[in-house]
Amino acid sequence: MSTITTSDALATYVIRHADDNVVLGQRLAEYISRAPELEEDLAVGNIALDHIGVADHLFTYVAKITDDGRSGDDFAMLRSEREYTNLLLVEQRHGGFDDLMARQFLFDAYQLPFWEALSASTDETVAGIAQRAAKEAKYHLRHSSMWIVRLGDGTAESHGRIQASIDRLWRFTAEMFEADDLDREMAASGLGIDPSTLRSAWESTVDAVLEEATLVRPADTFQTSGGRSGMHTEYLGRMLADMQWLPRAHPGLTW
Amino acid sequence: MTAVVSEVDRARVLLERVVDPDLPFLSIADIAILRDVAVSDEGAVTVTITPTYSGCPAMDTIREDVHSVLAEGGFGEVEVKTVYAPAWTTEWMSEDAKRKLARNSIAPPDSVLAVVPEVLCPLCSSESVNTVSEFGSTACKSIMVCTECGEPFDYFKAI
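Line by line, the protein sequences are chains U and S. If you want our numbering, it's the 1-based position in the first sequence plus 110. If you want our numbering, it's the 1-based position in the second sequence plus 5.
Since the hints were derived computationally from the structure, they do not count as laboratory data. Honestly, I wouldn't trust all of these hints.
[Said to hold, decoys possible] Okay, the calculated bits of chain S under chain U, using three or more residues with CB under 8 Å as the criterion:
hint : stretch
1    : 35-48
2    : 107-113
[As the list claims (entries may be wrong)] 35 Å max Cα-Cα, derived DSBU-like pairs, lysine-lysine:
hint : chain 1 : residue 1 : chain 2 : residue 2
3    : S       : K86       : U       : K174
4    : S       : K103      : S       : K86
5    : U       : K248      : S       : K105
6    : S       : K103      : U       : K248
7    : U       : K248      : S       : K86
[To be verified] Label-pair restraints from in silico Cβ distances:
hint : chain 1 : residue 1 : chain 2 : residue 2 : range
8    : S       : V117      : U       : G347      : 54 to 60 Å
9    : S       : D46       : U       : R252      : 36 to 42 Å
10   : U       : R252      : S       : D41       : 54 to 60 Å
11   : S       : E77       : U       : A289      : 38 to 44 Å
12   : S       : P26       : U       : D290      : 53 to 59 Å
13   : U       : S117      : S       : P26       : 48 to 54 Å
14   : S       : L118      : U       : A298      : 43 to 49 Å
15   : U       : R252      : S       : P26       : 48 to 54 Å
16   : U       : H269      : S       : P122      : 42 to 48 Å
17   : U       : G206      : S       : R17       : 47 to 53 Å
18   : S       : P26       : U       : A298      : 40 to 46 Å
19   : U       : T324      : S       : E132      : 48 to 54 Å
20   : U       : W355      : S       : P26       : 38 to 44 Å
21   : S       : E77       : U       : A298      : 27 to 33 Å
Given the structure is predicted, the values throughout are model-derived calculations rather than measurements. For each residue, glycine too, the CB sits at the ideal point set by N, CA and C.
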């Protein structure tokens with residue numbers, strides 16, 4: 111059997127994870143100046159920067175693999191909604207801090223074991239970026255877990271709101287562990303990992319934090335997916351319009 | 006051969022002038038962002054750096070500064086190579102760099118293996134300090150406060 115791990119497949123795989131990070135980074139950046147306290151504004155800004163930084167490293171690598179004249183920034187700024195392959199969870203908009211933290215926590219609990227597993231990639235660059243990101247993801251997860259506990263085990267108002275946010279976002283969680291042909295191909299070649307193997311680590315983190323937060327794990331219900339094939343919820347297009355208008359209106363603009 | 010070696014030394018001396026813009030008392034060698042310097046027989050310099058945090062905005066400035074100090078020093082051809090693996094860690098920082106941090110009122114990183122990092126107030130050396138937030142003014146620092154002298158200060162996170 112011939113291994114068909116072409117550079118195209120690797121690029122498609124790396125783009126997915128760059129997309130997750132740039133979209134979540136942009137979502138967090140939208141919130142800067144709205145956090146409940148100054149320290150939290152700094153935290154949201156720092157975490158956004160980590161995600162955008164990871165996306166930047168991954169997109170730069172994609173540009174190197176594809177070598178078709180596009181820069182890393184072109185991948186972030188000049189692809190449209192249907193070309194984006196991020197998870198639906200990260201593109202969900204936030205009404206308030208409760209939604210933002212619920213989204214972050216559900217993603218952090220997946221992202222930490224994801225980067226830890228990807229640190230063993232046979233691709234040196236991917237492994238290096240993953241090792242770096244895993245260290246940062248530990249801080250992110252600790253931070254979002256702290257907030258879930260603080261809000262869940264807080265007042266009746268904060269408890270009710272964070273529970274409602276987790277309930278609302280729950281239907282986007284199964285998608286994180288769906289493996290398609292590309293995931294399986296990447297896992298088989300050692301370049302990537304099979305996301306379904308991360309589910310148990312995610313569940314044990316989520317269950318432990320929800321319990322400490324006196325929150326209830328939502329019942330397994332209807333789940334939505336499609337992000338990896340470019341089928342998004344209505345929110346991504348608007349977010350990208352806001353993120354991309356400047357480089358699209360002024361092509362080649364630099365800082 | 007001797008000439009090549011001294012060119013590496015000369016490049017390293019020039020690179021001492023490249024500092025972390027967020028910590029201007031530390032050179033990129035002090036903070037261990039600088040991983041390697043090589044000079045080819047033709048005089049082309051390759052500078053290898055490893056980024057600290059994924060989103061550290063100082064990295065772009067550092068790359069530009071590497072180019073300009075080496076150009077000023079007469080090196081015509083300069084390449085800055087970014088290497089991700091192994092990932093940067095505070096374990097690589099020299100003791101001298103840690104002393105410089107403390108002198109500038111930033112508590113230096115403890116060992117990454119410490120379960121509870123030992124942090125001393127950089128102003129009064131008290132051990133009784135609290136973490137205000139693990140995310141501070143830059144990606145690499147958290148905000149702490151000394152319960153003894155009451156001063157808030159930055160702690161360089163062990164990572």
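Quick one: which hint numbers does this structure break? Sort them smallest to largest.
1, 2, 8, 9, 10, 11, 12, 13, 14, 15, 16, 19, 20, 21
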